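Residues per chain, in single letters:
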Amino acid sequence: MLQHDVVIVGSGLAGMSAALEICGQLDVAIISKVYPTRSHSGAAQGGIAASLGNSEPDSQEEHMYDTVKGSDFLGDQDAIEMFTRDAPEIIYQLEHMGCVFSRTGEGKIAQRAFGGHSHPRACYAADRTGHAILHVLYEQVMKQGKRISIYPEWYLMSLIIRDNVCRGIVIYDIRSGNFEVIRAKGVIFATGGYGRAYRITSNAFANTGDGIIAAFNAGVPLEDMEFVQFHPTGLFGQGILVSEAARGEGGYLINGKGERFMEKYAPAKMELAPRDIVSRSEQREIDEGRGIDGKDYIYLDLRHLGKEKIMERLPQVRQLGIDFIGMDCITDPLPIQPTAHYSMGGIPTDKDGHVIIDDKGTQLTGFFAAGECACVSVHGANRLGTNSLLDAVVFGKRTGIAALKFAKGPRLSDMKEDEVLAPVKERISAVFSSPGTESINDIRDELKENMMSNCGVFREKEGLNKGLEKVKELRERYKNGKITDKSKLFNNELIEVLELGHMLEFSEIIFKGAIAREESRGAHSRTDFPKRDDRNWLKHTLAYLTEDGIELKYKPVTITKYQPEERKY
Amino acid sequence: MRYALFTGCVAKGAARELYSSTIKMAESLDISLDEMTSAACCGAGVISEENEVLSDSVNARTFAIAEDKGLDIMNICGTCHGVMKKAEHSLKKDNNLMDEVNKVLKSGGYRYRGRVKIKHLLNILVEDYGLDKIKEKVTKSLRGLKIAPFYGCYIIRPSELSDLNDPDNPTAIEDLITALGGEPVDYEGKLKCCGFPYVMMNKEGALTMAGKHLSQAKEKGADCVVTPCPLCHLNLDPYQPEIDKIIGKRLKLPILHLPQLVGLALGIKPKVLGLKKHIIRAKIFR
Amino acid sequence: MIFSIQRFNPEKDTSPYFQDYEFEIPKSATLLDCMNLIKWTQDGTLTHRMSCRSAICGSCAVKVNGHTLLACKTQASKVIKDGKVKIEPMGNMEIIKDLVVDFGQFWEKIERIKPWLVPDESEKPEKERYQSIDDFRKIDAGSTCIMCASCYSDCCSLDVDKGFLGPTSLAKAQRFIHDSRDRERLSRTGEISDKGGIWDCTHCGECSERCPTEAKPLERITSLRRTAIALGITNNIGARHVKAFVDSIAHSGRLNENILPIRSMGLFNISGLMSLIPIGIRMMMRRKNPPIIHKPIDEAEDVRRIFRKLRKG
Chain A
1 MLQHDVVIVG SGLAGMSAAL EICGQLDVAI ISKVYPTRSH SGAAQGGIAA SLGNSEPDSQ
61 EEHMYDTVKG SDFLGDQDAI EMFTRDAPEI IYQLEHMGCV FSRTGEGKIA QRAFGGHSHP
121 RACYAADRTG HAILHVLYEQ VMKQGKRISI YPEWYLMSLI IRDNVCRGIV IYDIRSGNFE
181 VIRAKGVIFA TGGYGRAYRI TSNAFANTGD GIIAAFNAGV PLEDMEFVQF HPTGLFGQGI
241 LVSEAARGEG GYLINGKGER FMEKYAPAKM ELAPRDIVSR SEQREIDEGR GIDGKDYIYL
301 DLRHLGKEKI MERLPQVRQL GIDFIGMDCI TDPLPIQPTA HYSMGGIPTD KDGHVIIDDK
361 GTQLTGFFAA GECACVSVHG ANRLGTNSLL DAVVFGKRTG IAALKFAKGP RLSDMKEDEV
421 LAPVKERISA VFSSPGTESI NDIRDELKEN MMSNCGVFRE KEGLNKGLEK VKELRERYKN
481 GKITDKSKLF NNELIEVLEL GHMLEFSEII FKGAIAREES RGAHSRTDFP KRDDRNWLKH
541 TLAYLTEDGI ELKYKPVTIT KYQPEERKY
Chain B
570 MRYALFTGCV AKGAARELYS STIKMAESLD ISLDEMTSAA CCGAGVISEE NEVLSDSVNA
630 RTFAIAEDKG LDIMNICGTC HGVMKKAEHS LKKDNNLMDE VNKVLKSGGY RYRGRVKIKH
690 LLNILVEDYG LDKIKEKVTK SLRGLKIAPF YGCYIIRPSE LSDLNDPDNP TAIEDLITAL
750 GGEPVDYEGK LKCCGFPYVM MNKEGALTMA GKHLSQAKEK GADCVVTPCP LCHLNLDPYQ
810 PEIDKIIGKR LKLPILHLPQ LVGLALGIKP KVLGLKKHII RAKIFR
Chain C
856 MIFSIQRFNP EKDTSPYFQD YEFEIPKSAT LLDCMNLIKW TQDGTLTHRM SCRSAICGSC
916 AVKVNGHTLL ACKTQASKVI KDGKVKIEPM GNMEIIKDLV VDFGQFWEKI ERIKPWLVPD
976 ESEKPEKERY QSIDDFRKID AGSTCIMCAS CYSDCCSLDV DKGFLGPTSL AKAQRFIHDS
1036 RDRERLSRTG EISDKGGIWD CTHCGECSER CPTEAKPLER ITSLRRTAIA LGITNNIGAR
1096 HVKAFVDSIA HSGRLNENIL PIRSMGLFNI SGLMSLIPIG IRMMMRRKNP PIIHKPIDEA
1156 EDVRRIFRKL RKG
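Protein chains in written order, with our numbering: chain A, 1 to 569; chain B, 570 to 855; chain C, 856 to 1168.
Don't take each hint at face value.
Said to hold, decoys possible - If you want a taste of the chain A side facing chain C, the calculated C-beta under 10 Å gives, among others: (1) A132; (2) Q140; (3) M415.
Just so you know, the hints here were simulated from the structure itself, not pulled from any lab data.
Just so you know, these numbers come straight off a predicted model, no measurement behind them.
Glycine included, each C-beta is placed from N, C-alpha and C at the ideal position.
The task is simple: from the sequences and hints, build the whole structure.
Written out as structure tokens, the structure is:
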């Protein structure tokens, strides 16, 4: 049995930010299913928000208001206020660490426009901002040397909670096939989002919601899981992300009739309306037969920006088009479609990453969460672009500070290793001893298609119910899933089987939440309930695992400065 | 056919047989050469490690000399060729650099206009002259001879500046060998580094590298190696006795310059082609 | 189409072998798509790494037809040759299983160059430190590295000498050495000028050729060599070789191959000089030695003039 004062699961922006706060004072470890620099934070392209006012005057209040409005008033305003207030300081810290930012003529951090933000607020490093921040944080982690233990390519198997106190985790060494129990005073989950369950997705293969499901199965509720953001510009085919920066720099969205159709939906903001609105507009054009040649995509046209601007500001966007679909955005418009992108829901936390298990603010002692896997909630029903990197760094850091403070107190709890290992080993042996009559690949494909067609950009009762039944059917078939690789060494087929199990579990929660929520808010858009319903639904969903399956409860939204109003752009 | 010949330093120094065999081969093929005796060293990628503009200027001067002659450049050294292509690329994509360099050249009476074509003998033979015509000129076919091509880095990398069709899988030397009646030998090391650039800094590394490639060629049955770069030749031939020691076996692989191989097939005597000047002499060419 | 993939599971295999998978490539599929389809529909034991599938996480580099590339950003149809493609694990690293290799030494070499900014601690700016657009551009390309190790895999110098830091580490070093905010330029440049550093690169160009980003290690290494010489870190064979080379051209327009090795080794480097003797003798025996009397090119004076004008210091 291993032990650390604090153990962090996930090595993206949130996980590493937390570790950097704790190291040197307490013994801290990072567990990650990939090498830290492979984490999906690195794929974020366009920028990180902060009201620095480097290119035009800006204020924290405006950043806060934009975020509240963007969240369709489901964001908790106390958290959003703090989040936007911490932002500038966080950016300066990243810069001081050595983060490579694009600069203004004066040498300040450059900022550009982004959807839903009323000023150019996105600090950026060309179009690889997430990569720049991920790598600078890993540099700082390397600088700490042995003060941060790293377990690369170890997989989270379970979260150990006894008597409402978090005691540690069980992990699996992908390379050797061995299990370890880590006792810890504090456990932080920074395990990322759950967008991988969709066929068209910008998410990495790794984003399978392992952390949230480990928490859920340990008795933690999950909040607002029905809110899955579709990004408006996924490259046609698989949904590989074309950065919002492409629109921030002035790109047009064009339908099959050659129109800039955003005129109809958001005449003031046009292409730079928030993501939920743009994705819906695209989907509507496609559904009503105005896709390109009547097909299920529209065009992102950058040609008018000219070669020089594209090469300088959007080099990665251009390269993606060339490599993945063989098109050069300097000379061709890019075919795009909405792509599952960001998980607004997750493990409920307060502003300092403490996991909160009910509507009364009760903390789960010793358990913390930060980043996309957490739901504070600053993004509510819809996240604004560039607020996710900020979320990961701000709450990663705050959670690190809170976990440090907490873990200085208690002693490590005693644990019977066999007792916590038994269910994990049982689960693995169930996988290996399954009758093997069902193809894991078929189940996964059917799940992804089901999420796409029944729980995508637009939703309605009948489809949702059908979709839920399908998930239940797939969960049954999953029990007979086939595995061919029986070896201990680097068995990533086993990992894929476990991941699929997690995706099936959270998909059911998404459906349940979406069926219950009879309104349209942010990314959750019901064609049978097209209006937002503040009287009945201005509240967060909490999904619990009970003996009878998933049970939904609700908790109120914190509203301080801004009363809900109609959202127009 | 007439070209402005850029000999490079090595063909006038440690590999004079490259120069003399080039002249003989060209005579035999009726290619006329106008040697640029006032052109300076290309810099071999070394001058640019001190001063990039200096390196570009020296090469621009060479280009201007050829332009004044109204001829395209023929390189017989792979490294010179690669370095010149790089300089040409830098100058052509950056007007400011072009102006700066031309200002420097002006007092010498030169101006580079960006018109001259820079070619390596290999491409001249395969494309300008043509393999069919070469076949007709062959009087002493290399039939029965297994020949391993060794391309050298500068002729294939960076690929976007290479003249070869598919620089990751080139076939120019193989095609030429076939046209001369010989049999090309395929082996992994043919596109790799010979090790010469750092033989002074890391001799063991450089010779291990060379040994690896030559052993592979030998295992595949090569009778000799042919290279379009005399710097590769300098690592593979004069150092071969030391390479033998490192890999623990006697290779005895003659390393021919490209025009030597062509010259043999044209019926020119090995001695005239300078084959006796190599450290590794081979009975097959007596 | 035939995908010939190198397999190796040390739990049961004694040595690597190739297994062929026959497979129709779906329209516009990437190589990674194909590898996944093989794993998911033909053989679940096939093991490879992947994550983002958009060329930013650096997980999926493999050797394809002998050259390393990212499987996710490569159209499969482009690498098929005569109906076949050969896929192997990366080079210069130990195989763990199939296409999965051990990155241990790779990361250790990254850590060796102190890969973090060392700013001037005395100044505590309230906001961001300023950096001009020109200064940003000096580090922009180098900082795009995704640590995929494609360059490391195909590096010829590493292939024969595991002591070489390798192209990735050196490109990473450049990103700090040329950062206007870093205060350790001199000591960093000194450290990478030692054995195993910048002068142990043969500039074969493989690294930049394989690099899937703008990091292009060879260009970074070349710029580091310039910096080392400009900073006067020249007490090594590599830097002396550059000096002697440029001096020689500055003098006669043509390289003096007799003087170059001697000056490169250094006049007081007795063992280095001795090591030149066997090859010297060997070449003299064949009259392959460069002419004793070094003849300048025609118009050498014009070349001298250019060197005087452009050469600093």
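Against the structure, the hints come out as follows:
1. A132: This interface hint holds because 7 Å falls under the 10 Å limit.
2. Q140: Hint holds; Q140 of chain A Cβ to chain C Cβ min 6 Å, cut 10 Å.
3. M415: Nearest chain C Cβ about 31 Å off; hint violated.
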